[in-house]
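Student: Sequence:
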Amino acid sequence: MKFITSFRAFIVLSTVGFLSASALCAAELVIPDNVIFERGIEYSNPDDQHLQLNLARPKEATGPLPVVLCIHGGGFRAGHRDGNNALCLKLAQRGFVAATVSYRLAPKYQFPAAVHDVKAAVRWLRANAAKYQIDPARIGVTGDSAGGHLAQFLGVTAGVKEFEGDGGNPGQSSSVTCVVNRYGPSDFTKSYAKSVDAAEVLPLFLGGDLKTALPRHIQSSPLNWVTPDAAPTLILHGTEDK
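Per my numbering, the sequence shown starts with residue 25, numbered consecutively.
If you're looking for bench data, these hints aren't it; they were derived computationally from the structure. Keep in mind it's a predicted model, so treat the numbers as computed, not measured. Just to be clear, a hint being listed does not mean it is correct.
Said to hold, decoys possible - The calculated label-pair distances, taken between Cβ atoms and stated as ranges, are:
| no. | residue 1 | residue 2 | range |
| --- | --- | --- | --- |
| 1 | His74 | Ala217 | 37 to 43 Å |
| 2 | Pro56 | Lys214 | 27 to 33 Å |
| 3 | Pro56 | Leu228 | 34 to 40 Å |
| 4 | Arg63 | Val220 | 40 to 46 Å |
| 5 | Leu228 | Ala85 | 37 to 43 Å |
| 6 | His74 | Asp233 | 30 to 36 Å |
| 7 | His104 | Ile60 | 43 to 49 Å |
| 8 | Pro131 | Ala85 | 38 to 44 Å |
| 9 | Lys132 | Val220 | 30 to 36 Å |
Cβ coordinates follow ideal geometry from the N, Cα and C atoms, glycine included.
Using the sequences provided together with the hints, build the complete structure.
Tutor: Structure follows, in structure tokens:
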């Protein structure tokens with residue numbers, strides 16, 4: 025029952041709390057007295073990129089806590105982990121450990137580099153579970169737009185070795201317990217007809233369009249990796265999301 029209650033709170037904060045978090049990201053960040061917030065923790069160093077995360081946790085934690093990995097959007101080519109700082113603080117106030125991560129961006133780094141990075145972040149959280157009082161059996165992930173795509177990918181590719189990369193902690197699993205995807209794409213082969221940005225963004229991320237890089241569009245679509253073992257996933261998409 026405690027497990028279910030914790031992740032219900034995660035879903036509520038990920039679907040409602042992120043709105044206020046987005047509004048606050050441009051303002052000065054105020055750290056609550058009951059939260060420990062650490063910035064710029066290196067979790068992986070692929071291609072000498074020194075990828076970092078910010079981590080928030082309750083100051084008076086008592087035992088292993090569920091953790092939420094927050095992945096920023098930005099069309100796979102922009103965005104910053106700091107955009108999720110306020111959401112992480114809100115989650116920490118509700119009893120979660122929460123991390124917001126940077127990942128390698130297009131066009132310099134194409135698929136699956138970003139997937140390798142977020143999987144490395146999950147493995148890092150497990151490897152450091154004792155230090156940060158994390159329950160490695162309760163790792164949730166949320167993301168918006170491009171971050172939602174990456175969150176979905178984590179949910180459907182547990183154990184798929186080709187997507188693990190070499191970002192560190194190879195002895196740890198990159199599986200997640202649940203996913204909240206906020207308007208992230210699930211099938212890139214359908215994106216060009218539905219998204220106002222796909223024709224500009226996807227060739228940068230995938231190395232070509234549907235005509236020149238169809239296999240990569242198929243391979244990078246989370247929908248094509250769904251199995252009965254996929255993590256429970258909530259997908260939110262508004263009528264005006266494009």
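Student: Work down the list of hints and note, for each, if the structure agrees.
Tutor: Hints versus structure:
| no. | hint | verdict |
| --- | --- | --- |
| 1 | His74 x Ala217: 37 to 43 Å | holds (38 Å) |
| 2 | Pro56 x Lys214: 27 to 33 Å | violated (42 Å) |
| 3 | Pro56 x Leu228: 34 to 40 Å | holds (38 Å) |
| 4 | Arg63 x Val220: 40 to 46 Å | violated (34 Å) |
| 5 | Leu228 x Ala85: 37 to 43 Å | holds (41 Å) |
| 6 | His74 x Asp233: 30 to 36 Å | holds (32 Å) |
| 7 | His104 x Ile60: 43 to 49 Å | violated (21 Å) |
| 8 | Pro131 x Ala85: 38 to 44 Å | holds (41 Å) |
| 9 | Lys132 x Val220: 30 to 36 Å | violated (24 Å) |
Comparing the model with each earlier hint shows violations of hints 2, 4, 7 and 9; every other hint is respected.
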